[in-house]
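If you use numbering that gives the first Met the number 0, the sequence shown corresponds to residues 0 to 70, in order.
No wet-lab data here; the hints were simulated from the structure.
Don't take every hint at face value.
Restricting the straight-line Cα-Cα distance to at most 20 angstroms, the calculated cross-link-like pairs of lysine to any residue (SDA-like) are [stated by the list, open to error]:
1. K49 / L10
2. K22 / R44
3. K49 / L18
4. K22 / V33
5. K49 / L29
6. K49 / F37
7. K22 / T5
8. K49 / H9
9. K49 / R16
10. K22 / L42
11. K49 / V33
12. K22 / W50
13. K49 / T7
14. K22 / E63
15. K49 / P36
16. K22 / T38
17. K22 / F37
18. K22 / R4
19. K22 / A55
20. K49 / L21
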Amino acid sequence: MTTSRTVTIHLDENAVRALEQLKRQIDSQLPDDVLPPFTIPALARHAIVKWCDQQAAAVQFRHEVQGNSEG
């Protein structure tokens, strides 16, 4: 069973601008008859999830390295 939690993240102007630029780049590569696959909020959620995954992987790696050096 998974639990869901809600987090509100406020992005600064630079982050929003970068997301808008990324969306324009993605949209420009699509054929004319294809609807854009992402909205700005969807891109933001994806970026935040990827960042969290990277942070968690780094913590897990440090924990494994410390565990190996103690034995």
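Hint check:
no. : hint      : in the structure
1   : K49 / L10 : 16 angstroms, holds
2   : K22 / R44 : 13 angstroms, holds
3   : K49 / L18 : 14 angstroms, holds
4   : K22 / V33 : 14 angstroms, holds
5   : K49 / L29 : 23 angstroms, violated
6   : K49 / F37 : 16 angstroms, holds
7   : K22 / T5  : 24 angstroms, violated
8   : K49 / H9  : 17 angstroms, holds
9   : K49 / R16 : 19 angstroms, holds
10  : K22 / L42 : 8 angstroms, holds
11  : K49 / V33 : 26 angstroms, violated
12  : K22 / W50 : 18 angstroms, holds
13  : K49 / T7  : 16 angstroms, holds
14  : K22 / E63 : 37 angstroms, violated
15  : K49 / P36 : 18 angstroms, holds
16  : K22 / T38 : 8 angstroms, holds
17  : K22 / F37 : 7 angstroms, holds
18  : K22 / R4  : 27 angstroms, violated
19  : K22 / A55 : 26 angstroms, violated
20  : K49 / L21 : 15 angstroms, holds
This entry does not satisfy hints 5, 7, 11, 14, 18, 19, going by the numbered hints stated previously.
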